[in-house]
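Enquirer: Residue strings, one per chain:
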Amino acid sequence: MREAGGDLSSQIVTSYDCISFLTDYGLEDGFVAACHGVATRIAPAARLIDITHLVPPGDVRRGAAVLAQTVGYLPPAVHVAVVDPGVGTARRAVAVAAGDSVLVGPDNGLLSWAIDALGGAQTVIHLTNGELWLHPVSATFQGRDIFMPVAARLAAGAGLTSAGDEIEPGDLVALPAPTSRVSDGEAEGEVMSVDRFGNVQLSIPAADAGRLGIGIGSALVVRCGRRQLTVPYLDTFAAGAPGEIVAFTDSAGLISLAINTGDAAQQLGLPPGAHVRLSLPPTG
Amino acid sequence: MREAGGDLSSQIVTSYDCISFLTDYGLEDGFVAACHGVATRIAPAARLIDITHLVPPGDVRRGAAVLAQTVGYLPPAVHVAVVDPGVGTARRAVAVAAGDSVLVGPDNGLLSWAIDALGGAQTVIHLTNGELWLHPVSATFQGRDIFMPVAARLAAGAGLTSAGDEIEPGDLVALPAPTSRVSDGEAEGEVMSVDRFGNVQLSIPAADAGRLGIGIGSALVVRCGRRQLTVPYLDTFAAGAPGEIVAFTDSAGLISLAINTGDAAQQLGLPPGAHVRLSLPPTG
Amino acid sequence: MREAGGDLSSQIVTSYDCISFLTDYGLEDGFVAACHGVATRIAPAARLIDITHLVPPGDVRRGAAVLAQTVGYLPPAVHVAVVDPGVGTARRAVAVAAGDSVLVGPDNGLLSWAIDALGGAQTVIHLTNGELWLHPVSATFQGRDIFMPVAARLAAGAGLTSAGDEIEPGDLVALPAPTSRVSDGEAEGEVMSVDRFGNVQLSIPAADAGRLGIGIGSALVVRCGRRQLTVPYLDTFAAGAPGEIVAFTDSAGLISLAINTGDAAQQLGLPPGAHVRLSLPPTG
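As given, the protein sequences belong to chains A, B and C, one line each in that order.
Mapping of the first sequence onto my numbering: position 233 corresponds to residue 236, and the numbering continues sequentially without gaps.
Mapping of the second sequence onto my numbering: position 90 corresponds to residue 93, and the numbering continues sequentially without gaps.
Mapping of the third sequence onto my numbering: position 156 corresponds to residue 159, and the numbering continues sequentially without gaps.
There's no promise every hint is true.
Over the 12 Å line for every Cβ pair with chain C, so calculated as not near, a few chain A residues [as the list claims (entries may be wrong)]:
| id | residue |
| --- | --- |
| 1 | His56 |
| 2 | Pro79 |
| 3 | Pro88 |
| 4 | Gln125 |
| 5 | Gly133 |
| 6 | Gly162 |
| 7 | Phe251 |
| 8 | Leu271 |
In silico contact screen, one side only, chain B against chain C (beta carbon under 10 Å); selected entries [what the hints assert, rightly or not]:
| id | residue |
| --- | --- |
| 9 | Tyr28 |
| 10 | Phe34 |
| 11 | Val90 |
| 12 | Gly112 |
| 13 | Leu137 |
| 14 | Ala142 |
Stretches of chain C that chain B covers, calculated by requiring three or more beta carbons in the stretch to come under 8 Å of a beta carbon on chain B [what the hints assert, rightly or not]:
| id | stretch |
| --- | --- |
| 15 | 42 to 54 |
| 16 | 189 to 202 |
| 17 | 244 to 251 |
These are computed hints drawn from the structure, not numbers from a lab.
Ideal placement from N, C-alpha and C gives every residue a C-beta, glycine not left out.
Just need the whole structure built from these sequences, with the hints factored in.
Expert: Here it is in structure tokens:
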């Protein structure tokens with residue numbers, strides 16, 4: 004992020020060295036490349052970092068989770084995210100200043116958890132200034148024609164307010180936060196995501212579990228539906244015996260379930276959204 | 004694209020800031036990275052844009068379609084494309100100047116639709132100058148040993164004619180254009196491609212359908228084989244009710260069939276190449 | 004690679020323009036992007052080249068093979084490789100100077116074949132200097148918190164010995180080399196890998212087969228388990244008739260089996276690790 008106070012204007016001009024990009028476009032087509040091309044034509048000096056393009060089609064919640072868990076490790080950037088089952092309908096397109104970055108995407112909740120992770124929305128712009136878009140605008144590929152062109156112009160130094168009309172941060176669509184409740188000696192949550200290794204990430208922060216006295220070295224009772232199992236809570240899944248189900252604190256600070264050299268999600272039958280409760284084993 | 008007239012030569016030297024890359028190499032191996040490495044050693048300043056590496060193995064027609072629909076959104080570049088079931092046999096390797104770019108790949112039709120999209124071939128060079136290649140040349144990995152080294156040298160400013168012998172544009176292998184015919188009140192075409200969302204892209208431009216009076220808001224009769232269905236032609240698939248099959252104009256200007264939050268290709272059983280006819284519903 | 008002798012120090016400072024990256028992280032999550040972000044923050048000028056992130060989870064041997072067959076085509080670089088089923092346990096993290104590059108990863112054999120390919124280890128550092136890491140260090144995502152931060156600092160010019168304590172090259176964990184033996188008129192080896200096309204790469208170098216008189220144009224007897232087949236040894240798989248199984252020398256100089264426009268691994272039932280013997284057909 005580079006800032007420069009203009010002599011003739013009180014507006015601070017900010018440019019960004021980096022544009023990040025998350026979508027559900029997949030990698031089989033030229034969709035991602037077309038957006039890279041548009042960005043490169045407008046902001047040739049910006050570095051492009053692809054977060055992922057394999058969000059399941061239309062899965063706004065999954066896209067929101069990956070975005071929120073990744074932005075903190077990226078440089079100050081314009082983060083473009085497009086998982087947009089309502090493309091071309093009345094949902095708004097927005098740009099949101101948050102922390103040291105700007106997020107650009109549809110106003111369908113996709114950006115909301117990342118906004119929180121970056122410290123909350125400072126300024127929100129409804130993207131109404133068509134002069135920053137690529138014309139003709141396709142009704143079904145606004146990543147190429149609206150989101151990326153606007154993002155690249157912002158990266159190249161255009162002022163945020165030039166992109167449209169300011170709206171209230173409170174008017175943004177927000178996804179409900181993942182369930183995470185601590186009460187009656189239980190931490191209750193849901194499966195946030197399942198990664199490539201079959202590791203099951205819960206919405207329960209290790210810190211919350213800690214309030215119940217659950218810490219590394221504890222045995223942990225996991226309840227999901229009618230099933231119940233007791234697992235060790237270890238430093239890392241690799242500390243488990245091969246085939247053993249273990250709990251550990253994952254790289255996002257959340258409690259996760261894994262099987263050393265196995266696929267916990269498959270063995271436990273726990274898809275994203277499934278409800279899970281954790282507690283210490285009964286004493287005595 | 005940067006041009007510089009030399010003092011001692013009438014040849015205009017052109018260099019390119021960007022190399023694009025499309026293959027059927029897949030992402031599991033180190034093939035793509037080896038090519039990136041070769042490009043970076045020769046042209047360290049060029050930006051690499053991957054179009055896709057997931058063209059189905061040997062599917063020249065699919066590679067040609069993705070390339071042609073993407074190049075228009077990329078900066079002036081050397082576009083390298085390798086879908087090459089005849090690698091190591093007598094088929095020629097070529098570099099083709101078209102529009103503001105150069106295309107490099109096997110002369111098997113893969114480049115032909117992109118050449119058309121860029122305005123036609125200006126100069127065609129048969130890649131015969133082995134001094135620009137990486138030696139020893141593998142008979143089965145010419146992306147690494149011929150196409151990318153030549154492309155990177157062109158990007159770095161080597162003259163196109165230094166790469167080999169000029170041949171006639173008319174001698175290039177061209178894929179037959181996708182069927183698209185309008186007659187007797189019907190637009191006839193084929194399935195061009197199916198994207199990650201299951202959207203079925205037809206070879207029928209919206210403009211051709213328009214000649215039949217088919218426009219946004221029309222009902223549309225779709226015939227494929229013995230089946231026939233009537234669907235609305237809407238602004239965007241997202242305007243359909245969930246589960247409803249709709250037609251829309253896609254981001255390439257072609258008529259496509261989709262199901263809002265569903266997989267149209269699967270439900271309709273329409274693979275690439277399938278013949279489809281469109282017409283207005285009978286009146287009265 | 005840029006070198007600069009310091010005035011006040013006899014240590015030669017080396018920086019690298021390129022960081023390569025190979026993992027089993029997959030492409031569905033934000034793991035790879037988080038590492039790219041960390042690298043970009045620390046070494047904004049370095050180019051990142053992804054080798055692959057689709058190594059099968061925990062398959063150290065496969066990761067080692069892809070890395071070793073790719074590094075020779077990359078520029079001088081810091082090569083980061085993370086396939087690390089023992090993450091967070093006692094296995095060491097290391098940085099190894101070899102050839103014109105440095106390799107960074109877990110000391111579990113993953114780097115060993117690439118070290119050989121680059122000419123052998125010159126200096127080996129056990130990564131013990133936590134000042135170069137990203138804190139807090141996750142027990143399960145050391146790619147983000149240890150390997151990539153250290154690699155980026157090395158790329159940006161930090162001295163190799165600043166990363167930790169020097170250990171003996173002979174103390175590195177080495178994977179057993181792939182079987183390749185020539186005796187009694189037979190070349191014996193194993194399946195190294197199967198690529199996206201279904202081509203079966205054997206661990207038998209074409210040069211070894213040559214010692215048996217096996218060369219382009221020979222017929223070749225292939226024995227695997229109780230099966231035996233005789234195939235032609237051609238310049239390229241594309242020279243075979245459609246559907247014909249052929250042997251050829253692949254782009255890594257190894258003998259491979261393929262079917263022109265088919266999937267040899269599937270048809271032959273040859274997974275990685277399967278033992279294979281090659282010989283000339285009996286004469287007379």
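Enquirer: Against each hint, give a clear statement of whether it holds in the structure.
Expert: So, going through the hints one by one against the coordinates:
1. His56: violated, 8 Å
2. Pro79: Proline 79 (chain A) not clear of chain C: closest Cβ-Cβ about 9 Å, inside 12 Å.
3. Pro88: Given that every Cβ of chain C is farther than 12 Å from that of proline 88 (chain A), nearest at about 19 Å, it holds.
4. Gln125: holds, 21 Å
5. Gly133: Holds, since 30 Å exceeds 12 Å.
6. Gly162: Answer for glycine 162 (chain A): holds, closest chain C Cβ roughly 24 Å.
7. Phe251: Nearest chain C Cβ is 6 Å from phenylalanine 251 (chain A), so the label is violated.
8. Leu271: holds, 17 Å
9. Tyr28: holds, 7 Å
10. Phe34: holds, 8 Å
11. Val90: Result: holds, 5 Å to nearest chain C Cβ.
12. Gly112: This hint is violated: glycine 112 (chain B) lies away from chain C, its Cβ roughly 16 Å from the closest one there, beyond 10 Å.
13. Leu137: Nearest chain C Cβ about 8 Å off; hint holds.
14. Ala142: Status holds, d = 4 Å.
15. 42 to 54: holds (count 4)
16. 189 to 202: holds (count 4)
17. 244 to 251: Since three or more residues must qualify, the claim that chain B covers the stretch 244 to 251 of chain C is violated, with 1 doing so at under 8 Å.
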